[in-house]
Structures are given as C-alpha cells and as structure tokens.
Amino acid sequence: MTMTTLTWSDLEVGTEGPSWEDGPLTVTDFVRYQGASGDMNPIHHDTEFAQKAGFPKPFAVGMRQAGVLASWAADWLGAANVRRFKVQWREQAWPGDVLTYSGAITAKREEGGQRFVDVEMVVTRQTGGTHLKGWATFVVPA
Amino acid sequence: MDKSIEGNRGTPFRVVVEEGKVREFARAVSSSNPAYVADGPQATSPATFLASSVFWQGPDASPWGDAPLNWERILHGEQEFVFPGAPPAAGTELTAEARIDRIYEKEGKRGGTMTFVELVTEYRDGSGSVVVESRSTIIETSQAPGS
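If you read the protein sequences in the order shown, they are chains A and B. Heads up, the first sequence is in the working numbering, so the first residue is 1 and it goes up one at a time. Heads up, the second sequence is in the working numbering, so the first residue is 1001 and it goes up one at a time.
If you're looking for bench data, these hints aren't it; they were derived computationally from the structure. Here the structure is a predicted model, which is why all the values come from computation and not from measurement. Misleading hints may appear alongside valid ones.
Stated by the list, open to error - With a straight-line Cα cutoff of 30 Å, these simulated DSS-like cross-link-like pairs (lysine-lysine) come out:
id	chain 1	residue 1	chain 2	residue 2
1	B	LYS1109	B	LYS1003
2	B	LYS1109	A	LYS57
3	B	LYS1021	A	LYS57
4	A	LYS86	B	LYS1021
5	B	LYS1021	A	LYS108
6	A	LYS133	A	LYS57
7	A	LYS52	B	LYS1109
8	B	LYS1003	A	LYS86
9	A	LYS133	B	LYS1003
10	B	LYS1003	A	LYS108
11	B	LYS1109	A	LYS133
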C-alpha cells in the first residue's frame, strides 16, 4: 500500500484507512513468522500434532496477524506514531484464508499538548467471520 | 490455576532491539514499511515486535514459577502494547521485567469456568524509563479449545 503523510485535518471520526487483503495464507507464512519470533509451537505447522490436539490441520499464528494489523495501521498513520495497540482474537484463521485488514478513526483527542486519534480495526476472513479485532491510538504530529 | 501466583515477578532480563531481527520480523508480518528497515537507530521497531522477547528469555525471567499450566486449555485471548513515546529504535538496549498482574474468573458462554491471567511485562531503557508495556491476557478454559 502507499504511504501518505496525514495531517490533523485529514483525519475525522469515521475516516477509514485503505483496506488491504493478505492471502491466501500458507503454512510457509506461519513458519516464517514462527522463525522470526521464536514461537515454534508445532500446532501451527505440524499436521499430525494439530490433529492430535483436536484441530483438523495447523492454523495461523495469532500474533502474526496482530503484527500484520499493526503494520497496516502504521502504514496509514505512521510507524513511529503508535502509542497503544491492542488485539483480541476471535475465530481461528486457516491456510487458504484471504484476510481483509480495515479500520476507521473513532475519536480525535488533544491531551498534554499532543493530538491523538483512536482507531478501531478488524481482520475479516473471506467467510465474513472475524479473525481479530484491534484498537489503537496514534499521535498526530503537528 | 493456582491463584497464589498473582503478583509474582520474574527476574529482570536484557532485551536488545536488534536491527536484523527487526527486519526479519517486519518481513514476517508482510510489511514493506520503510520505517522498519531504515539504517540502525533510524529504524522503528514494529508495535508487536517485543512479543518475541518471551521466547528468548531465561527460565528465571518467567513469573509463572513452578505453577502447573495445562497448555492444551490455554488460549492467548488479548494482547496490548502501550508506548509512552515512539516504539524503541533498532539498537535500543532494554531491561524487561514480567509479572502476573491479575487473575480472575468468568463463566463461559457454553458452561464451565474460564480463568483469565493478565501478564504484564515492562521494558525500560537505560535511563530506567518504561518505553513499552505489554499486557497479555491468557485464558484457561475448562476444556481443550480444539475439543
């Protein structure tokens, strides 16, 4: 996606970030994140292990998509401007899923001489199901 | 879940925001944001980057102690990062300390009790200021999530 330099007047309550699609997800995507983070839980890449735990196959690493969402928001509002980022996981994401990352401004605030925007975000599966929900606060430089 | 572990603290541990690890992480979250791959101290670490530090800490750094955990019933329900200023730049040396901040129970929608554990990790820079606070909410269900 393209990166822009946004100003306070560009951002209104309801302003949406440019939604972005990622996928279809592959086990290679999961393994790449697992290697980068150090979380080698086999449930995300070992079919036999996942099935023994009661899942039909390996599923996506939740923190990977949290990271993709954080990066999506950073592309929109500035990587160095993030002051709070929170996610809640809902349904699992699976290999083959195409995930859509989107979000909108929910509040504009001024505190201690700084300007902030609050953002609500969602990562949706191609089924319409919600994979994760996110909330963030970004400072908007003068 | 042994509720007596509430308030437990791990031993502080050193975390370096390594430039190469930041780049590797950015690539792994499908990012092409140039801010993450800038040179040295000009590179910003991604907001969720420090979630990785738990996988590289020593055993004494964990506040769980000897509390038995039923990993088949544990879900990572929620994760939050708070940054008083910009996220730490590549090269920043941090000291992290984890604690079991809170343990509480809720009744599950489909029956059974869910136990919520909030694990907080504070990351301080060389001056002692907290530059990142991570809050992980871990849920222990009364049956395995896959069953």
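These are the hints, each one checked on the structure:
Between the alpha carbons of LYS1109(B) and LYS1003(B) the distance comes to roughly 22 Å, so the proposed pair stays at or under 30 Å and holds. With a C-alpha separation of about 25 Å, the suggested pairing of LYS1109(B) with LYS57(A) holds against the 30 Å cut-off. A hinted pair counts as satisfied when its Cα atoms are at most 30 Å apart, and LYS1021(B) with LYS57(A) qualifies at roughly 29 Å. Our distance criterion of 30 Å between C-alpha atoms is met by LYS86(A) and LYS1021(B), whose separation comes to about 22 Å.
For the suggested pair LYS1021(B) and LYS108(A), the alpha carbons sit about 34 Å apart, so the restraint of at most 30 Å is broken. For the given pair, LYS133(A) sits about 23 Å from LYS57(A) by alpha-carbon distance, which is consistent with the 30 Å threshold. For the proposed pair LYS52(A) and LYS1109(B), the alpha carbon gap of about 25 Å is at most 30 Å, so the pair holds. Between LYS1003(B) and LYS86(A) the CA atoms are separated by roughly 25 Å; this keeps the pair inside 30 Å, and the hint holds.
Pair hint LYS133(A) plus LYS1003(B) holds up; C-alpha atoms about 29 Å apart against a cutoff of 30 Å. About 40 Å separates the Cα atoms of LYS1003(B) and LYS108(A), which puts this hinted pair outside 30 Å; it is violated. A C-alpha spacing of about 19 Å is found between LYS1109(B) and LYS133(A), which places the hinted pair at or below 30 Å, so the restraint holds.
Violated hints for the displayed structure, listed by number in ascending order: 5, 10.
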